[in-house]
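Colleague: Sequence:
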Amino acid sequence: MTGQGFQDLGLQATSTGGGCACCSPTSHATAATDTGAPAQQTAAGETVSAQFLVEGMTCAHCVRSVTEEVSAIDGVSDVAVDLHAGGVSTVTVSSAAPVDAERVRAAVEEAGYSLASAS
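To convert, note that position 64 of the sequence shown is 64 in UniProt numbering; the numbers rise steadily by one, no gaps.
Please keep in mind that the hints were generated in silico from the structure rather than gathered at the bench.
Check each hint, because a few of them may be wrong.
Stated by the list, open to error - Distance windows between CB atoms, simulated:
id: 1; residue 1: 74; residue 2: 46; range: 26 to 36 Å
id: 2; residue 1: 45; residue 2: 84; range: 30 to 40 Å
id: 3; residue 1: 92; residue 2: 61; range: 12 to 22 Å
id: 4; residue 1: 87; residue 2: 109; range: 13 to 23 Å
id: 5; residue 1: 87; residue 2: 45; range: 27 to 37 Å
id: 6; residue 1: 82; residue 2: 110; range: 28 to 38 Å
id: 7; residue 1: 106; residue 2: 82; range: 15 to 25 Å
id: 8; residue 1: 110; residue 2: 60; range: 13 to 23 Å
id: 9; residue 1: 109; residue 2: 60; range: 17 to 27 Å
id: 10; residue 1: 80; residue 2: 106; range: 17 to 27 Å
id: 11; residue 1: 100; residue 2: 45; range: 17 to 27 Å
id: 12; residue 1: 80; residue 2: 100; range: 15 to 25 Å
id: 13; residue 1: 61; residue 2: 88; range: 13 to 23 Å
id: 14; residue 1: 100; residue 2: 68; range: 12 to 22 Å
Quick caveat, the model's predicted, so the values are computed rather than measured.
Backbone N, C-alpha and C fix where the C-beta goes; we use that ideal spot for every residue, glycine too.
Sequences are here, hints too, so could you generate the full structure?
Modeller: So this is what it looks like as structure tokens:
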């Protein structure tokens, strides 16, 4: 495999001693906030999307865990995560009709994270 470069993903080791919430055996609650932006409804037949902010996701496994749990919500057609390792990541949930934020909250908590109400 000579001649192939590697892409730096910008991931960094955490100093908390336990890794990220999905990999750490002791820490499952990380700070997270909802953007407070209302879901946007588009013309009939198109999708609605809402964004949530999640703090503390650090790796692809974190993204996979959140994506899997949120995707299991009835009506969700797509989940996109913009990972900012060790910072605040954006989770965009798309569906045919607005999805209850409490269901998203429960799914994110099941993945090992928590969402807080917007201030």
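Colleague: Each hint should be assessed against the structure and marked as holding or not.
Modeller: Structure-based check of each hint:
Between residue 74 and residue 46 the beta carbon distance is about 19 Å. The supplied range of 26 to 36 Å is therefore violated. About 33 Å separates the C-beta atoms of residue 45 and residue 84, a value consistent with the hinted range of 30 to 40 Å. Taking 12 to 22 Å as the suggested C-beta distance range, the pair residue 92 and residue 61 conforms, at roughly 19 Å. Checked against the hint of 13 to 23 Å, the pair residue 87 and residue 109 passes, with Cβ atoms roughly 20 Å apart.
The hint said 27 to 37 Å for the Cβ distance between residue 87 and residue 45, and at roughly 36 Å that hint holds. Look at residue 82 against residue 110: about 21 Å separates their beta carbons, and that is not inside 28 to 38 Å. Restraint check, residue 106 to residue 82: a C-beta distance of roughly 22 Å satisfies the suggested window 15 to 25 Å. Against the hinted window of 13 to 23 Å, the Cβ-Cβ separation of residue 110 and residue 60 comes to about 18 Å, which satisfies the hint.
One distance hint, 17 to 27 Å for the beta-carbon pair residue 109 and residue 60, holds here, with the actual separation near 20 Å. Range check, residue 80 to residue 106: about 19 Å between beta-carbon atoms, so the 17 to 27 Å window is met. The hint said 17 to 27 Å for the Cβ distance between residue 100 and residue 45, and at roughly 21 Å that hint holds. Remark: the range hint 15 to 25 Å for residue 80 to residue 100 is upheld by a beta-carbon distance near 19 Å.
Between residue 61 and residue 88 the Cβ separation comes to about 18 Å, which falls inside the hinted range of 13 to 23 Å. The beta-carbon spacing between residue 100 and residue 68, approximately 18 Å, falls within the hinted interval of 12 to 22 Å.
Hints 1 and 6 from the earlier list are contradicted by this structure; the remaining hints agree with it.
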